[in-house]
Structure formats: C-alpha cells, structure tokens
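A.B. asks: Sequence:
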Amino acid sequence: MVLAAMAFQPEEFELGVDIFGVSNWERTLKSIPPWWEAMRDVLYKKIGDPYEENEYIRSISPLFHAENISKPLIVLQGANDPRVLQEESDEIVEAVKNNNMPVEYIVFDDEGHGFTKRNNRIKGYHAIKEFLDQYL
Numbered sequence: 082m083v084l085a086a087m088a089f090q091p092e093e094f095e096l097g098v099d100i101f102g103v104s105n106w107e108r109t110l111k112s113i114p115p116w117w118e119a120m121r122d123v124l125y126k127k128i129g130d131p132y133e134e135n136e137y138i139r140s141i142s143p144l145f146h147a148e149n150i151s152k153p154l155i156v157l158q159g160a161n162d163p164r165v166l167q168e169e170s171d172e173i174v175e176a177v178k179n180n181n182m183p184v185e186y187i188v189f190d191d192e193g194h195g196f197t198k199r200n201n202r203i204k205g206y207h208a209i210k211e212f213l214d215q216y217l
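Numbering of the sequence shown is given in our numbering, commencing with residue 82 and proceeding in unit increments.
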C-alpha cells in the first residue's frame with residue numbers, strides 16, 4: 082500500500098516506509114508458491130488475472146509508475162520472502178534512485194514475508210526511526 086500511495090498520490094505524503102510490500106502485481110500474482118495455490122482464484126478475482134488482464138495489473142503496480150515517486154523511501158525486504166520476491170524490492174529501489182530520491186534498502190537474509198526474529202525487528206524498526214528522524 083505504501084508503494085501505491087507513493088506512486089499514485091505522491092504529494093500526499095512526506096516519505097514512505099515500505100515493509101515487505103508488493104511493487105509489481107504482475108510478478109506477484111504469477112509467482113504464487115505451490116502451497117498458496119488455494120488462494121490463487123481468490124486473488125485473481127479480487128485483484129485481477131495477470132494473464133487475462135495484464136494491462137490493468139500493470140496499471141495498478143507501483144513499479145510501472147515509479148517515476149512519480151518524489152519523496153524519500155525506505156524499503157525493508159526478506160531475502161526468503163515467497164510472496165513478495167526480493168527482485169520486486171530491488172527494482173523499486175533502483176527506480177526510485179533513478180528519480181534522484183533518497184532511498185534506503187535493508188534486506189534481511191534470514192527472513193521471509195514479515196519479521197520472525199527479534200533482532201531483525203529491532204534493527205528494522207531502529208532503521209525506520211532513524212529514517213523518520215532524518216526526513217521528517
């Protein structure tokens with residue numbers, strides 16, 4: 082949601098804090114892991130079928146509108162995230178850098194989709210606090 086807010090309503094926010102967030106719905110919907118198959122139809126009905134509605138899916142994906150992101154951004158990503166692949170965060174971070182916007186990027190090598198380890202939560206939330214202190 083943060084990336085969508087930054088891409089589609091860039092003047093509404095002073096900065097963005099993206100924690101394990103989707104930047105490319107096309108890739109996310111096409112890369113649903115096998116153990117999540119039961120949710121595929123539900124997600125396709127709610128969000129759209131990336132094979133049948135590709136143009137729409139790209140229109141709601143922040144990555145394809147990253148040129149609109151005009152405020153500082155911090156992105157936190159789990160390297161083992163089966164839902165939001167690290168590649169998505171890599172791409173949005175690169176796109177925001179190309180906008181000459183400040184962007185911080187923290188990848189947790191031992192996390193998936195969300196924090197499970199106390200030390201990572203501490204590190205992540207400390208980085209967010211520092212980011213907020215710097216840009217607000």
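In case anyone wonders, no lab produced these hints; they're calculated from the structure. These numbers come from a predicted model, not from an experiment. Misleading hints may appear alongside valid ones.
Said to hold, decoys possible - Straight-line distance between alpha carbons at most 27 Å, and here's what the computed DSS-like set of lysine-lysine pairs gives:
id, residue 1, residue 2
1, LYS152, LYS126
2, LYS178, LYS127
3, LYS210, LYS198
Claimed, not checked - Here are the simulated distance ranges between beta carbons:
id, residue 1, residue 2, range
4, TYR216, TRP116, 19 to 25 Å
5, GLU92, GLN215, 29 to 35 Å
6, GLU118, LEU213, 37 to 43 Å
7, ASN149, PRO114, 27 to 33 Å
8, PHE145, LYS198, 19 to 25 Å
9, ARG202, GLU136, 34 to 40 Å
10, LYS210, TRP116, 31 to 37 Å
11, GLU118, SER151, 37 to 43 Å
12, ALA86, ASP191, 24 to 30 Å
13, GLN215, TYR132, 41 to 47 Å
14, GLU92, GLU134, 18 to 24 Å
15, MET82, VAL123, 31 to 37 Å
16, HIS207, PHE145, 30 to 36 Å
17, GLU136, ASP214, 19 to 25 Å
Glycine included, every Cβ here is placed at the ideal spot set by N, Cα and C.
A.B. asks: Of the hints stated earlier, which fail here?
C.D. replies: Hint check: 1, 2, 4, 5, 8, 14, 15 and 17 fail, others pass.
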